[in-house]
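Following the hints, put chain B in place on chain A, whose structure we already have.
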Amino acid sequence: MADFWIILTGTLVAATCGVLGCFLVLRKMAMVGDAISHSVLPGIAIAFLISGSRDSILMLAGAAVLGLITVFLIQSLQNGGLQSDASIGIVFTALFAIGVILISRNAAHIDLDLDCVLFGEIAYVQWDTLIINGYDMGPAAVWLLGGTLLVVLIVIGLFYKQFKLCAFDPALAAAVGIPVALFHYLLMGLVSLSTVASFESVGAILVVGMLIVPASTAYLLTDRLSVMLIYSVLIGAASSIGGYYAAKWLDASIAGSMITVAGLLFVLAFVFSPLHGLVARYHKRRSLKAASA
Amino acid sequence: MTTYPLEVNRLTVAYQKKPVLNSVSFQIPSGKLIGVLGPNGAGKSTLLKAVLGLIPKVEGDVSIFGRPYREQRKSVGYVPQRESVDWDFPTNALDVVMMGRYGHLGWFRRPGAKERDIAMECLGKVGMADYAGRQISQLSGGQQQRVFLARALAQSANLYFMDEPFAGVDATTEKAIIQLLHELKDQGKTVMVVHHDLSTVQEYFDHILLLNGELVAAGPTKDIFTPNHLQKTYGGRIAMLQDFAAVPAGQV
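Order-wise, the sequence lines are chains A and B.
Counting in this note's numbering, the first sequence tops out at residue 293, every number present.
Counting in this note's numbering, the second sequence tops out at residue 1252, every number present.
Since the hints were made in silico from the structure, they are not lab data.
A hint or two may mislead.
Unchecked claim - Ranges of calculated distance between the beta carbons of each label pair, as one might list FRET restraints: (1) A:Thr93 x B:Ser1199: 39 to 45 Å; (2) A:Lys28 x B:Gly1188: 37 to 43 Å; (3) B:Gly1053 x A:Gly81: 19 to 25 Å; (4) A:Arg105 x B:Ser1137: 49 to 55 Å; (5) A:Gly80 x B:Asp1061: 26 to 32 Å; (6) B:Gly1053 x A:Asp128: 46 to 52 Å.
Since we're looking at a predicted model, the values are computed, not measured.
A virtual CB, placed ideally from N, CA and C, is assigned to each residue, including glycine.
Just chain A, with the same shape it has in the complex (with noise of 0.2 Å):
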């Protein structure tokens, strides 16, 4: 059973995290994913600290408000004429040093482990189950992470026209009356809400590998945006259960090995991919030159 509910953890993630991570990568703003799995650190500590239990609804909260003040703040100091790879630098630094200060001075007396929550503890996730008038309904991440997943898909489904324009041509986008900026917080929400929910799994550090690296292969695979998006999900789904065997294997991180195993198959597409790959366009500059020739 722990196999099971590890690897429908690790997919979920990768679910979610594909999803949102196609319109991250489109939209050119991979770092800024970077920098809200981050910053939404002293989200969770403050949540903690207010609450005092890892009770994860506030903890969500919590963090999607500091990831929306992450977004905001980067955008402001573009707009204040900074760049916007320094921008992004100094705001998720800053809130996740803040982050680390908060968790570490109150390491001593609250259960908020730091390398936990930078690099997750997948294997701990069955340990935590949750129960509702004394029934075990299963592990309560897996429950989080699914109520995720489902907000993530009927947002995206409900406005795929939205999102899909907002990311193409925004100019357009705007100029037919589509709320542009809305749409961008709406994305940032949602990236925010994954990224926590996702953490205790994966971590803080390796939801950026779940949120980029499948998303990224998925573009080298299709044309189409919404075969993008599948791909997306599935490439993540086969990084979860790969990376979990292998992680048996090696007895190695869980976390550690599933963003390997995306990075393998990042690497295999890179090269392999019939329409973007190096060896596919090695191909067709060798059948160029033949024509040519």
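Just chain B now, with coordinates in the frame of chain A:
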């Protein structure tokens, strides 16, 4: 009282306090091809974006067919500069043209068979029907521009704004575009085009706006496209420009 397709009153736009457009006022006549001309940084694109509400204005009023733009979105079509989007985006030509219908679909409706038919028809009008399923990065610059035009056609508007549709396209595409503009005009639509090539102004446009941070002049091309006005718009730097205006249309 006639309502103009576009009426702009004392429009001022600034980027971080630096004024780009200073108190610009004009009206454009209905059913004409209108060229917006001026040197780099004169605020031509800015004018379009401010009219469409894409950038905030410091002050001034814009009305489209007598009402604010917000109420007239569906009667306006927009072709942004081609470089403003990422052509590696995973989508095909038909899909991009269907995006022109999104504004008509409201919040929740998805594009369906009807939108697909309209998009195919618009692709056909720009001679791109054979490329409907082509990934957009595999289209040439001219083909990409035609896809953008088809998307604007799909907006089925009465007033079109086009930001440098002739930039970086080959002669065939340029001819196809100008033919399309004439078809739109013949249907009674108004088209306002940001343009760079002074040698084609007299041939293409009925009416021009000369911009240089401020409005230098606006009116029928034959009255406004004069050495004197061009001098004022472009400064003394480009003395040869006057040659364009000195030669009657069609002989350039």
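Going down the list of hints, with the structure as the test:
1. Range check, A:Thr93 to B:Ser1199: Cβ separation about 54 Å, and the 39 to 45 Å hint is violated.
2. Checked against the given bound of 37 to 43 Å, the beta carbons of A:Lys28 and B:Gly1188, roughly 41 Å apart, stay inside it.
3. Checked against the hint of 19 to 25 Å, the C-beta distance between B:Gly1053 and A:Gly81 comes to roughly 24 Å, which is consistent with it.
4. Here the CB-CB span from A:Arg105 to B:Ser1137 is close to 51 Å, well matched to the stated 49 to 55 Å.
5. A hinted range of 26 to 32 Å holds for the C-beta pair A:Gly80 and B:Asp1061, which are about 29 Å apart.
6. Checking the proposed 46 to 52 Å range against B:Gly1053 and A:Asp128 shows it holds: the Cβ atoms sit about 50 Å from each other.
This entry does not satisfy hint 1, going by the numbered hints stated previously; all others are met.
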